[in-house]
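Protein sequences appear in the order of chains A and B. Okay, so the first sequence: first residue is 217 according to the numbering used here, each after it adds one. Okay, so the second sequence: first residue is 12 according to the numbering used here, each after it adds one.
These aren't lab readings, by the way, just hints derived from the structure by calculation. Check the hints yourself; a few may be wrong.
Claimed, not checked - One side only, chain B facing chain A, incomplete, derived with CB under 8 Å:
hint	residue
1	A15
2	M42
3	A43
4	D51
5	I141
6	I145
7	V159
Glycine residues also receive a C-beta, built at the ideal position from the N, C-alpha and C atoms.
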Amino acid sequence: MSEPSPKDPAPAEDADSEPRPGRVRKPIGWSTIIIAVLVTVSAGLVWRRDGADGVLDILTHDLSLFGGILPRVLAGCLLGAFISEILPHEKVSRSLGPKSGLMGLLIGTAFGAILPGGPFTAYPVASALLAVGADFGATIAMVVSWTLIGYGRAVAWEIPIMGTDFTLWRIIISLPLPVLAGALGRFVYVRLYPKPLAKDDEN
Amino acid sequence: MSAALLIDILLWGSVLGVGLIAFRRGPPVFMASLREGSMDFINIVPRIALGVIGSGYIAAIIPQEVITGWLGPDSGWLGVATAVVAGAATPGGPVVGFSIGTVALKSGGGMPQVVAYVVAWALFAFQRVILWEIPFMPARFVWFRCAVSVPFPFVAAAIAMVIGKP
Numbered sequence: 217m218s219e220p221s222p223k224d225p226a227p228a229e230d231a232d233s234e235p236r237p238g239r240v241r242k243p244i245g246w247s248t249i250i251i252a253v254l255v256t257v258s259a260g261l262v263w264r265r266d267g268a269d270g271v272l273d274i275l276t277h278d279l280s281l282f283g284g285i286l287p288r289v290l291a292g293c294l295l296g297a298f299i300s301e302i303l304p305h306e307k308v309s310r311s312l313g314p315k316s317g318l319m320g321l322l323i324g325t326a327f328g329a330i331l332p333g334g335p336f337t338a339y340p341v342a343s344a345l346l347a348v349g350a351d352f353g354a355t356i357a358m359v360v361s362w363t364l365i366g367y368g369r370a371v372a373w374e375i376p377i378m379g380t381d382f383t384l385w386r387i388i389i390s391l392p393l394p395v396l397a398g399a400l401g402r403f404v405y406v407r408l409y410p411k412p413l414a415k416d417d418e419n
Numbered sequence: 012m013s014a015a016l017l018i019d020i021l022l023w024g025s026v027l028g029v030g031l032i033a034f035r036r037g038p039p040v041f042m043a044s045l046r047e048g049s050m051d052f053i054n055i056v057p058r059i060a061l062g063v064i065g066s067g068y069i070a071a072i073i074p075q076e077v078i079t080g081w082l083g084p085d086s087g088w089l090g091v092a093t094a095v096v097a098g099a100a101t102p103g104g105p106v107v108g109f110s111i112g113t114v115a116l117k118s119g120g121g122m123p124q125v126v127a128y129v130v131a132w133a134l135f136a137f138q139r140v141i142l143w144e145i146p147f148m149p150a151r152f153v154w155f156r157c158a159v160s161v162p163f164p165f166v167a168a169a170i171a172m173v174i175g176k177p
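The shape of chain A in the complex, shown without the other chains (with noise of 0.2 Å):
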């Protein structure tokens, strides 16, 4: 519950207030252990089925792909910092916000669908818009155009293993689904928190 605390200020308790640019993260958090318990298991199966070399070759590899990650982890990063800064926060509360209706989730997905690099990128940028003021509705749109109909997959990955046939109806199958997924997620989201955050409301 008290993922999205404020930075600055001496982080309050009930952190769901309020959500800003400056998202910081706890360096441990409940998801971070199950990953760590995740892993230590798997890496002990690992090691009893292949031995010890098992074990340093997955690591050898998976070390190589993560220096080959972070220049564009600090790109995606600098991405969402950037654009948290220059998006004017009532411009983006009223065209992606609650009240932003259908041209919201078009703008969202649009934004989804155009936007550069892979997890790294998408991720980051969804959450400076959720801090500037976009919704749940249009942040869903955003992230499910991004991995559906988005390029960068699709181009580096989708069309070379899967053909361009394929790829090519699979997206035009998806076209309506992050309109669709970001319009449920509103539907769901107001009956689910049907006074959404009452001391965020910026009276």
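Chain A is fixed; fit chain B onto it per the hints.
Showing chain B alone in chain A's frame:
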């Protein structure tokens, strides 16, 4: 020029573009967001390290054959449902996901099932969710996003059945 290079150029070009806009708002704005972004980066690196370096082990203990088996030449909605579970459970990156999809196609999996698999994998492959999405986004948003995404691989399969493509 490789696609990966092109994407890197686009990515850093975008960083440069928004950085320039921030800089024209004044150097303090620029410096503040630069610091903000760097701090995010420093905070996120340990988790990404754990996920990326650890994911190889997770992938190694879930053999691909298990996933491919689930995707067999099953047809109908049960096949679609199985494909959705398989997509969520697929470990590893895009190479693994799309290769499994290709194997499923070649071994007689139906189009709607394979479309459902690829869409489900894109929407909630567990490894991407825990590795990337949760570290970067509020956990509450991530679970909510995954929950409302559940119907959509089925919608995609239904569309594929109706239009009879790919």
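Status of the hints after comparison with the structure:
For B:A15, the interface hint holds, the least distance from its beta-carbon to any beta-carbon of chain A being 6 Å, beneath 8 Å. About 10 Å separates the beta-carbon of B:M42 from the nearest beta-carbon of chain A, more than 8 Å, and the hint is not met. Checking B:A43 against chain A: minimum C-beta separation of about 7 Å stays under 8 Å; hint holds. Taking 8 Å as the C-beta contact cut-off toward chain A, the hint placing B:D51 at the interface holds, the least distance being around 4 Å.
Satisfaction of the interface hint for B:I141 is found here, the shortest Cβ-Cβ separation to chain A being roughly 5 Å, below the 8 Å cut-off. Checking B:I145 against chain A: minimum C-beta separation of about 5 Å stays under 8 Å; hint holds. For B:V159, the suggested interface contact is upheld, since its CB lies about 5 Å from the closest CB of chain A, less than 8 Å.
Going through the hint list in order, the structure does not satisfy hint 2, though it satisfies all others.
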